[in-house]
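With the hints as a guide, bring both chains together as one complex.
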Amino acid sequence: MGALEEKAVDLVSGEFTTPARSKSSGLSWAMRGIYIIVLREFRRFWRDRARRIGGFAQPIMYLALLGVGMESAFKVFGGGDVPYIKFMYPGILGLTVLFTSVFSAISIIWDREFGFLKEVLVSPVPRSSVALGKIVGGSITALIQGAIFLVLAFTPWVYGFSLDTLWKSLAVMPLIILMSLSLTSLGVAVAARMTSMEGFPIVMNFLLMPMFFLSGAFFPLQGLPRWMEVLTKIDPLTYGVDALRGIMLRGMNLAAGMPGNLAQFAAWFKDPEILRIGLGKGYPDPSALSTMAQQASLPAQAYPLWLDVLVMAGFGAFLFALALWQFNRAE
Amino acid sequence: MNGYTVEVEGLVRKFGDLVAVKGVTFNVDRGEVFGFLGPNGAGKTTTINMLCTLLTPTAGRATVDGFDVVRHKREVRQRIGLVFQDPSLDDRLTANENLDFHAVVYAVPHSIREKRKRELLEMVDLLDRADDLVITFSGGMKRRLEIARGLLHHPRVLFLDEPTIGLDPQTRRYIWDYIKDLRKREEITIFLTTHYMEEAEHCDRIAIIDHGNIIAMDTPDNLKNMVGGDVIRIKTEDDARAEELLKEKFRVNILEERDCLCFEVERGEEFIPRLIRELDVPIQSISLHRPTLDDVFLKLTGREIRDDEADGLAGMRQMVTRVRPPFAR
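Going line by line, the protein sequences match chains P and F. Okay, so the first sequence: first residue is 0 according to numbering that gives the first Met the number 0, each after it adds one. Okay, so the second sequence: first residue is 0 according to numbering that gives the first Met the number 0, each after it adds one.
I should point out that these hints are in silico values taken from the structure, not numbers from a laboratory. Virtual Cβ for every residue (Gly too), placed ideally from N, Cα, C. A portion of the hints provided could be inaccurate.
As the list claims (entries may be wrong) - A partial selection of chain F residues facing chain P, derived with a Cβ cut-off under 7 Å:
| id | residue |
| --- | --- |
| 1 | V69 |
| 2 | R73 |
| 3 | F83 |
| 4 | D85 |
| 5 | P86 |
| 6 | S87 |
| 7 | D89 |
| 8 | R91 |
| 9 | V103 |
| 10 | F136 |
As the list claims (entries may be wrong) - Some chain P residues well away from chain F (every beta-carbon gap over 10 Å; in silico):
| id | residue |
| --- | --- |
| 11 | E70 |
| 12 | L162 |
| 13 | A170 |
As the list claims (entries may be wrong) - DEER-style ranges, computed between Cβ atoms:
| id | chain 1 | residue 1 | chain 2 | residue 2 | range |
| --- | --- | --- | --- | --- | --- |
| 14 | F | R184 | P | R192 | 39 to 47 Å |
| 15 | P | W305 | F | R60 | 29 to 37 Å |
| 16 | F | Q169 | P | P173 | 57 to 65 Å |
| 17 | P | R192 | F | R29 | 36 to 44 Å |
This is chain F alone, in the form it adopts within the complex (with noise of 0.2 Å):
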């Protein structure tokens, strides 16, 4: 066996015509973060489907820790703890049982099955409500036990389907919280999906996938370097004066295409106090923009990632109907 946790290669699958997944490839390091980073009805859901046995590839081949996603379901199933995009609980039993269930279909020997359960609620915080229906917990607290119920039978990989969709801003920073409290703790390989930029910046590496490809891959700041240095915008008092004299003296390259007086630089936290020092001309304001991923992925697009969105729901939908009924959320 070799170091990587999940291969893929030419990874293909069609619903009907659709072709929802395009042939992928790619690899992922064991205890490594690996994000899926796209719009939605990109084909990240399909992808992580057929990593984790749910559907069968159209063509190409996947291995999950050595095994392969096809004829060896069974040992993948057990080395895999996963976190749908919606949620999977029996909301009519408790906390408690629906951890019980879990233990038993992946048997968790009896022995350590209590221990790891008060272990896991201990870190989900949901100690206190394990014996409550899960019919009254709040959208976060649901999400956190399914994260609890995932790492249950103590997987390889922790499959998270778009893990903070629909949450609040603090309860997702709580989920991140925990997902990087659990990287130091288990030894554990991390395989997720989002189209929150900001989520996709806690990973190790990301793969940005469009229309069932993937286009890039890297770490973030390999991928945001992509895009070129930070920019600079600046007000002042005779614009034009300015942008000769940052033509001449700072020898800067200005973006003529913009509606602004806007420059790019290489460090732009360093630039920005020698600007002030040595431009002769009065500044009203200066902004830093750095690139983050969303320029990453209108570079390599022309699109911004919630532009089709809209698109793309509706493209996810007609795909997710096959496995869901289609007035699921």
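Here chain P stands alone, though its shape is the one from the complex (with noise of 0.2 Å):
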């Protein structure tokens, strides 16, 4: 087995006779927890082939109807020739995250139903430790999901299959860790006290449902009743996935900012010779034409990178600390 716990046996040897001895290996017995209860999650995830299959197919359908639908309805609405699945991918991505995460938390009300659950609660392992091996456990599952996905983004229908997806694709994982230990933390803090199998997908639905639509995953977050508005600013998913979106649509790099066709225009009407045909022959005024531009074209990222990390981060703490506190406290 690992060299983490190798390390941890080294720590406590065979016989436990003083209490003073295994006091002062608390930190070797919370680690213990976590490796073997990731061990263990990861285990019964690759075992259970419906959940392999159904996590990699899920998002593709998406994709797949969703995605083309809306290309479609878009080009008749007007939207003109907007890429609409670049725009859509890092919004399923997101979703694939979303739900992955929290619904990894069901594995403590499933070790609850079937007594497991019992067994890793009177062991010797602190039950913070327990909390954190589930958190770190869905998250790691969740990132294998969202990197599995991430694989459809080099194929031509995307972004196609270049140095540059590879380097999104990379640089999208420390966001995706970031949101799975979060959303975990979320799915966790609901589970810990919860008994009823039946209960759980119907609360995290009704959490899950609203912060999923208003987060801008499948339509930008532009034009909107002012109410919606300031929900869309409270949902804290709305930040991940406007991350993700920035980073595969424009890349690391925040000074090019703007979008394609706007730029274009810019560039266009600089000229003033041109400017003087358009007008000449019944164009819009530029100024008028860049704000169509801007709104018919879809939004790469409303708000900067650091503020995305900053609200995702805090998120996180918030629900980390949280579910430590719900699970110390369930019976």
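Following this line, the structure appears as structure tokens:
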């Protein structure tokens, strides 16, 4: 087995005779708990073929059906030649991470229902390490799912097979980790004291659906009514999706922030000659045109990357603390 | 430290208004097999859960191997093995993987882990199934695996909560064979709960628990002596004459309140031959009834242990709901 465990075993040898000894190695007990719970979570995930296939097939379905459907719709409604799939891809990535993370916590309820949780809770490893193991384990499975989904980014229908796509895919990994840690914490916080297997999906869907729809994963958050705009700003997932999209569409380079067609327009109308001809032929004023162009194009990123990351981290820290607290309180 | 492995003093646990355990006090000697006997809902599992640190007592104190179950949770946990009433295995893992999990969380050193796993799987006859998923196991096999797992870290005390509930009689006997065998091999104290009278007979000492109180505590033999001697029931061609003779000649105590010719004697099996020899009335049938723990319970509570099974189950569900889901088995 792993090196981590070897180390932990070295710290506590076979016999436990004095309480002082085991007290001094509280950290090693915690590491032991995290290690084995993560390992188990991973084993179970890998052994469950339905989960593996489903986890891969579902985002493809979203991307294929919704992406193609919406792209056609956008064309009809005058969005121009908008690459909707490119816009939506980071949203589906967020969705995959969201659902995998949050629903991995159902294993806590599952374990309680089938008794295994007792075996864990009565063992000498501290409870917080059990919760931590669940969070880390769930995040790893979410990361794996995210990584599988990222393979699709290399297909010609999305971003194409290029070095650029590779760098972008690597750049979103830390974001996915951050997102999945905080979302798994959310799942654990809810599941920690819940005893009903039927109740968990209901509660979670009640929480997740609005979170998801308001995040801007499927449609741009533009021209919304005031109340809805406020809600999208409260939704922590908005910032996650925003950051993912920013990186996938623009890369990490914050300076190259302008949407493509807008930049083109701007360059075009800088030339006074072209401007004169344009106005003479009845084209609208360039300033108005550029506003129109901005509205028609799907925006890459609404907030600066640092704000996105900050909000996600703050949200994550809060949920993480909540999860540990709830799990410690559970009987 | 004294010789007691488990010391319990005035232990109380409330669930809201319901007082599940009403201040129990007892000690368990090192190496003893100690049984908690009582109907469902009497507070057995609640007591075990407090002793193994899963529930915090409302009042009172308890120590296991000298460590307080509230203040020194980890030390207690290292020293106990548990077999719960309901299965607590991960059935999507193999038997081996379940044992591995246990070995890691109980810090069983790598060097001896494989050897010990082998030994225990051999003991419970599961060596050939070690790499099969637990989901393919029968109820008895799961229970045996749980016993093996509970022993993997060489605990000082093994807690068995209704170890044979829901198992067929044959498996039940096997499990008792393992438990007895275990006592011979290892220096271990066994604490078990049961509502099967036959099972309680295997214990060195029994505490009878009812409505959260210990109402009697002694060896099975002493408890049975409490209810008196053996009861002999006879049927003769002339019961009136026989009764007269029994009173005059044998000077036995006729149990008038019963709907038969029944009487109590000290050693039933020795009395019967004498009765056949010396009673002039032709006998049609004789039956001998030795007191069982059922009789003890009947005498102490006025009820049979299974009388309020339905009641007790409902009561227990109520309590258990707080720890487990309402639809749990």
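To see whether the hints hold, each was checked on the structure:
For V69 (chain F), the interface hint is violated, since its Cβ never comes within 7 Å of a Cβ in chain P; the closest pair sits about 14 Å apart. Interface hint status for R73 (chain F): upheld, as the beta-carbon distance to the closest one in chain P is roughly 5 Å, under 7 Å. Contact between F83 (chain F) and chain P, as hinted, is supported at the beta carbon level, the nearest pair being about 6 Å apart and thus within 7 Å. Hint status for D85 (chain F) relative to chain P: holds, with the closest Cβ pair at about 5 Å, below 7 Å.
About 5 Å separates the beta-carbon of P86 (chain F) from the nearest beta-carbon of chain P, less than 7 Å, and the hint is met. Interface restraint check: S87 (chain F) against chain P, minimum CB-CB distance 4 Å, threshold 7 Å, status holds. Interface hint status for D89 (chain F): upheld, as the beta-carbon distance to the closest one in chain P is roughly 5 Å, under 7 Å. Checking R91 (chain F) against chain P: minimum C-beta separation of about 5 Å stays under 7 Å; hint holds.
Below 7 Å, beta-carbon pairs count as interface contacts, and V103 (chain F) has one with chain P at about 4 Å; its hint therefore holds. This hint is violated: F136 (chain F) has a C-beta 13 Å from the nearest C-beta of chain P, more than the 7 Å allowed. Residue-level check passed: E70 (chain P) sits 41 Å from the nearest beta carbon of chain F, beyond 10 Å. Every CB of chain F is more than 10 Å from the CB of L162 (chain P) (nearest about 41 Å), matching its label as outside the interface.
The non-interface label for A170 (chain P) is consistent with chain F: the shortest C-beta to C-beta separation is roughly 35 Å, beyond 10 Å. Taken as a hint, the range 39 to 47 Å holds for the pair R184 (chain F) and R192 (chain P), whose Cβ atoms sit roughly 41 Å apart. Under the hint 29 to 37 Å, the C-beta atoms of W305 (chain P) and R60 (chain F), about 54 Å apart, miss the expected range. Distance hint for Q169 (chain F) and P173 (chain P): a CB-CB separation of about 58 Å, consistent with the stated range 57 to 65 Å.
Distance hint check: the CB atoms of R192 (chain P) and R29 (chain F) are about 38 Å apart, consistent with the given range 36 to 44 Å.
In this structure, the hints that do not hold are numbers 1, 10, 15, in rising order.
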